[in-house]
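Chemist: Single-letter residue listing:
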Amino acid sequence: MNPANYLILSALLFTIGTVGVLVRRNAIVVFMSIELMLNAVNLTLVTFSRINGTLDGQIMAFFVMVVAAAEVVIGLAIILSIFRTRRSASVDDVNLLKY
Amino acid sequence: MNTVPWLTILLIVPAAAAVVVAALPRRHATLAKQLTLAVTLAVLVLAVIATFAYDPDKAGFQFGQSYDWISTFGISYSVGADGISLVLMLLAALLVPVVVLSSWNEVDGEAAGGGRVPAPTAVPDRGTPGGSAGGAGPAVDVEGIGPVGGAGGAGGAGGVGGGAGGATAVLAAPAPARPVTFPPVETRGEAETPGRRSVPAFFALLLALEAGMIGVFAATDVFLFYVFFEAMLIPMYFLIGSYGPVKEQAQRSYAAVKFLVYSLFGGLLMLAAVIGLYVVSADNLGHGTFDFATLRQMEITPGVQKLLFLGFFVAFAIKAPLFPFHTWLPDAGAQSPTGGAVLLVGVLDKVGTFGLIRYCIPLFPDAADYFAPMVLGLAVVGIFYGALLAIGQRDMKRLVAYTSLAHFGFIALGVFAFTSQAGTGAVLYMVNHGLSTGLLFLVVGFLVARRGTRDVGAYGGLAKVTPLLAGVFLLAGLSSLALPGTNSFVSEFLVLVGTFTANKPLAIVATCGIVLAAIYVLYLYQRTMTGPIVHPENKVLHDLSLREKLVVAPIVALIVALGVYPKPLLDIITPTVTATYADIGKSDPAPTHPAAAHPVATQPGGHS
Amino acid sequence: MSADPTLLLAQAQKITPPSIEYSSLSPLLIVFAVALIGVLVDAFATRGARRVIQPILAGGGFIAALVAVAVLHGRHAVLASGAVAIDAPTLFMQGTILVFALLSVLLVAERQLDSSGGAIVASAAITPGSKGSTAQQTSADMQTEAYPLMVFSVTGMMLFVASNNLLVMFVALEILSLPLYLLAGLARRRRLLSQEAAMKYFLLGAFSSAFFLYGVAFAYGFAGSVELGKVADAVGAVGKNDTYLYLSLALLAVGLFFKIGAAPFHSWTPDVYQGAPTPVTAFMAAGTKVAAFGALLRVFYVAFGGLRWDWRPVLWIVAILTMVVGAVLALTQRDIKRMLAYSAVAHAGFLLVGLAGTNTDGLRGSMFYLVTYGFTTIAAFAAVSLVRTSDGEASDLSQWRGLGRTSPLLAGTFSFLLLALAGIPLTSGFTGKFAVFQAAIEGDATPLVIVALVCSAIAAFFYVRVIVLMFFSEPLAEGPVVVTRPTLTFGTVGIGTAATLVLGVAPQPLLDLANTAATSGFVR
Amino acid sequence: MRVDPVLLAATEPGGQPIHYAAASGVFSLSWLVIVLPLAGAAVLLLGGRRTDRVGHIIGTLAAAASFVLGLVLFATLLGRDGDDRALSQHLYSWIPVNGFQVDVGLLVDQLSIVFVLLITGVGTLIHIYSIGYMAHDPNRRKFFAYMNLFLASMLLLVLGNNFLSLYAGWELVGLSSYLLIKFWEDRPAAATAANKAFYMNRVGDVGLALAIMFMFATVGSTSYADVFGAAAAGVIGYGTLTAIALLLLLGACGKSGQFPLQAWLPDAMEGPTPISALIHAATMVTAGVYLIVRAGPIFDGTQAARTVVVIIGAATILIGCVIGCAYDDIKKVLAYSTVSQIGYMFLAVGLGPAGYALGIMHLVAHGFFKAGLFLGAGSVIHGMDDDQDLRHYGGLWRYMPITWVTFGLGYLAIIGFPGLSGFFTKDRIIETAFDKGGTSGYLLGSIALLGAGITAFYMTRLFLMTFHGKPRWSSEGPAAKHPHESPVSMTGPMVVLAVGSVFAGGLFVLGHSLQDWLEPVAGTGVEGVHTFSPVVLTLLTLVVTAGGFAGAYLRYQMRPVESVARPDTEVSLVTFAARHDLFANTFNETVAMRPGQYLTRFLVWLDLVGIDGLVRGSAAAIGGLSGRMRRLQTGFVRSYALSMLGGAVLVVGALLLVRAG
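Protein chains in written order, with the working numbering: chain A, 62 to 160; chain B, 582 to 1189; chain C, 3 to 526; chain D, 11 to 671.
For the record, the hints were derived by calculation from the structure and aren't laboratory data.
Note that the coordinates shown come from a computational prediction; the quantities given were computed from them, not determined experimentally.
All C-beta atoms, glycine included, are put in the ideal place defined by N, C-alpha and C.
There could be a bad hint or two in this list.
Short, incomplete list of chain A residues facing chain D, as computed with Cβ under 8 Å [claimed, not checked]:
#, residue
1, Ile-77
2, Thr-79
3, Val-82
4, Asp-153
5, Asn-156
6, Leu-157
Between the sequences and the hints, there should be enough to build the whole structure, so can you do that?
Modeler: Shown next as structure tokens:
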């Protein structure tokens, strides 16, 4: 099967993730969408590594996962503190800073 | 070639003094004044000595000095004096002490004429910058919800009305051109207590300004010139903004900002041209340089010349100012303290016209040739436009400012007529205008100080009460309408006759401008000094005080002296101007039918 | 379907451990070590002790790293099997970052300004509104984790400018960003704003880094490697599907533009700058810009240098957008930190102008500009933190009325800094502008320069506005008080201002430094 | 450089420049003539109140001294032989710029010395007169200072040896005239009149200035020697010469109150009467005539310009006479008579060399009798408590005999009573006008003749209404008047002037004394054929004059004079027009003033709303844009993300576009 299709798939996933960031209100979900984007990239990397016939892509994917994990830690901490303050995880509620 | 670094000394002395004075604590006001006066007088003396050390017949710059500054960009600290810059430095050195003396009491509020402080103007205080207009004061801190930029409603309506108001208010400020009439009332109490305005700071600013003015004329490195050109703005800006009319906070900050932004705008365009010049030099000579002498030898393709010329020209046209870049001048002129106005119109604006003849023409001859008709046109328009507007003013300081617009028209005319007579006349005009308009501003300042209003309507019949003041006023006016026997006549006639030989129609039109000059001067005099005294409070005004006499005396003397015997200055100016035009291949048109056996340049009295 | 195992095996045998030149990496390593030690200190030292040890530790680490950088000067090599490049520009920017970090540490360590202990919250965990939250506003202790976080972030920045490999660059990006996300949320006062800033910064940052990463992937897909040098070679080569190439360039650019706060990726800047604790804001404004620009320069010059004629137009568009947005929007700001944020955006635009020259002059100019801007902006934010009301900083412009009358020294200094930002001669701001614009005109980007100058005129207007406010209007009845006790912050302001002045009057030495750095160029 | 074709047309070899002998001996002191009164003015002005008590003495002495010096110079000149009476003195180099070399220098020759004597002589007399006239004025010192200043300026005007010095004097007399007209500054009318005078003079000055520029552009110098040398040599093209001449004429008209710039002169009567006598009758207003005579070499070269001069002269004669008949204000009538008399002079000098001397003769004679008349009028006004209305006078001869006599002599002189100065000078002018020959000769002659008649009419009217008939004033009641003779300090000068006006003309004409004296400067007219024999013409003139006299006598002596003028509604159109200065002011206002005011208002508006509005508008626009743009910063993370996405799309799109293109 043509690996290019995986690229298309990952592109779709990436787009879905992007759209998710744009349309979802809940901070957690938004964040998950971002993770989705990262994983879409992982898929791309792996696919390319397949296409190029080198392992680097796959190794990179691992790097990305690690980084993503770190991001999760930070992200959740921040979102949690916000949630505790406002009793809401909606990203639309936090807009004191504007204009 | 004498080796005394006159210019550097002239630069350092006031600059250093500025720092010292600024460092003085407020309570040492008198010390600050005395120190400033002493220093400025010293500078004047130095300048005069330098003038004597100057040899008019030697070509090129004298007292030259040059040290590398930013070698990466071929920038150097290099100064030098030629006939043009020397006389202008002299003018600056002369006017500053005069101004210092004239502003002796201005800052301490005494200037408001026996406790007379103008009551707040009728115009609404819309000009207060900083978006406080937006009404978003310090917001309540409900558990950390601190003052948020444009929180809530302020953000809403405030967007334009408030927030934008904050920004635009300064520029959308009430146009002071609407006659600022405020009945003088005893309002010491609610008037801003004079102590608020730091006296040392004021005089430090004056000194800084002097250093800047000397520097801008002395610089022979284009970059250095630009640096002074811009740096000079700051002290002037503060002079207008914090020492303008006490009660007109809105208008004065409006005027100050307008002045600064206008000048910065021009300056930035010039910066583009300056950098362009550097790049061109880098391409032509291999290594970029800002050295004026080198640059003027450089051949630039006409197309590029035009662009660079425009860059410089607009900056200078705003500075000078020429029609239609002038609208900042009336505001600045009206809102600056008297001393500031004198220096602003007397010297600072000369930087514009100076730049035209020093930089625009020698550096970009082809472009100068190409644009000359445009400039001449603007100049002539300016002559009439300024005069007519001056006739139409009721605010005396604005009026004087507009007259300057007309005078700058004459100067620009002379500069771009490309004949040595017109050019010399123009340069001399710069000096003379500094004296005559300076004196006008001083006298107007005296009146305002006595009466607390700039509105012509508040005066009338003063010649009876204050004959001396009226006399000086009239003399200043006569000088500004270029009556023979006063300094301005010589320069104005030179400009006109020089222009005439090159371009008859233009000169004829311009000459008609002298009628308008008579009207705006004498009409002003008539409204203020003659007729019956209508306002009782004018009956008690006192005539010139001794200090004021001392202030005007030197200028009055010079006005007459230079009118009767301008030769010394002319001898300094002429060679440089002639060289400048010869440099770009312009020579005076010969008389069409010279009287036979009439040597072209008669030695004095040769034909008598 | 799955990869052929023999192939994997064959490669597995070929793997050789890369050689690491520890000496050349010493700056990075020092700072990294310091960060780790900091964590340990936080774990074991007592509260009081931490507050003393941490700043000293961090500061010392930075100084040591700075020394190391100085020692390394002239090194020009690709290290760690192509992961890291140590060359003149790298060292220049690493040094710059370290200096700014040092200054910022002073600000963070500041305790005199307030009745309480400085700008960092006592305990971020306590929710605002709950009981004790008001108590902690005045409590004497602070979240000392801030220091290690800063150090980590600095590590990331230094790696960011040094990375010669897109993946490393991504990692560095995260290392520098993640701590900043947290730091943004640590303001002692106005917790809500602080937390909001943190969240916005985090979400958007993560979003952008996703783009960046996607770009990395495409680069890999195009060149078969993520080493800048290899990518560059691939660009040179023919017959490849360069859609990937352009995609990767675009997406990488998006990530980097976000970091430097270029329009239309700037929207986080004002909010975060306003919400974050002022010391952190200063640190971000100065440090992040340097780091992001370092990376940007490296990517554009080294990896995609061959495409410069293709990315120039894009750069033009972004630069113009950035300058206009920054200058125009700052006009109507009423919060001073917010205004400075927009001015930061505008300055990013000016920097891009220098980059648009696409020549060594541009490189030199940008690096010089970064230094000057960093000093000025840190000093400016520090000065802001000195003007306080009962509830913390008086950041609302209207509170600054007449400050020139009540406390002329501070107002004067601040005005000077503003004028520097506006680019008035005899300040470093002017020299910097001159440097980048000269490069741009040299590189036939004159129209861009004209736009830049018009924008500077507009920008000048709002800087001047503040001066008008401070000097030409009447002081408020109960205006903010200005802290006069000599403190660390004063040090920062002083150093920043001095640098601004010196770099304006005698910029030659630094220019020489930048010049040598630029001419020796990037290693690849 | 651009050269206009006319100039190219005439390029014959240059002629010989005129050379004046260098001043030596007493002439090297001629600068004192100017400096003395100037010093007087300086002392009085700078001295301030300290010199109040002695002010008038100093002033008068200064004037007298310079008169004496003038006499000495004159005497010395007489001693020299005819063609060696022009001495030029170079004082110092004034404006030297390469080709443009202007010196301050003096030229004492037959023409200028005549003026020196007239100015200083009459001037001194009027100084003396003023001592009495201004006795009660608190600012008498200033008055004398200004008068001295005027003398100095006027002397500079006539003594300068180049056109720029002349121009300097020209504008300075304008200044002194301005200062003296508005001497009573608290009278708005005075201030206005002064400004009007200055403005209209400035219009003339523009002409003079342009003429000088033309000279420099053409000849490369402004000194009489070079300019006249070139003009005489005929190297200057006709067009240029005419242009210069006409521009000079414009200047002359402005200064001498000739049509179309005559309107300021009557208003100038707002000034103190001695001023009207000195400046606006005897000396300054005749400067125009001096200019034309001095520039004779130029005018000789251009018939066209000369024609314009005569036309203006003739027109002005009539205008002056007609209006003179209508006014009831004694000084205004005299003012208009001045206008018309100067018209005669213009007519004369317009006739070329033949007329120059006549013009000067009439000028000098006029200087005497008109000054006398004004002083007399001043004395009357003085006696009638500053009432200037003829209709409030009557039968005054009994109360102020000396004034009556002196005034009477002046009156007879001006109407040309046989034997008195006016008789000789005016007749000669009329005669020469006819001698011009052709239709134009007849036309001009008859105009001059008619003018003589009307002059006789209105002067008689003036004289009778003032001194004869029933008193139209009462010595009782609220408006009680007690006419009385003036002090000797005032009557003295009047007597002297009266004597002058009686004999001056005779002295000049007998044996052409003045004409011969002036001959080297003014040249001499060829004794052409007489259209009428002088005798016939004289008789004719006498008849016409008698007619005018009779008319006035019948109307104003035989029939009583109403003490109030008939309102405009009942008088004939001519009278109405005359009373309104033939609508000169109306014309000026509608053509120049009003439009100017509207233009000014418009420009003020334009500057504020237009140009400055543009600036402020653009600023406001940017501010508004900013205000609108900050709306985009909604504070919602998701919209930020959207903008970022948009940016990403933009960048990607742009790059792919570049790649495609």
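Chemist: Taking the hints in turn, state whether each one holds.
Modeler: Tested hints:
1. Against a cut-off of 8 Å between C-beta atoms, the interface hint on Ile-77(A) is violated, since the closest Cβ of chain D lies about 13 Å away.
2. The beta carbon of Thr-79(A) is positioned within 8 Å of a beta carbon in chain D (closest approach about 6 Å), and the interface hint is therefore held.
3. Interface restraint check: Val-82(A) against chain D, minimum CB-CB distance 5 Å, threshold 8 Å, status holds.
4. Because the closest C-beta pair between Asp-153(A) and chain D is about 6 Å apart, less than 8 Å, the hint holds.
5. Annotation: interface hint on Asn-156(A) holds; nearest CB of chain D at approximately 3 Å, less than 8 Å.
6. Given hint, Leu-157(A) at the interface with chain D, holds; its Cβ is 7 Å from that chain's nearest Cβ, closer than 8 Å.
Hint compliance for this structure: hint 1 alone is broken.
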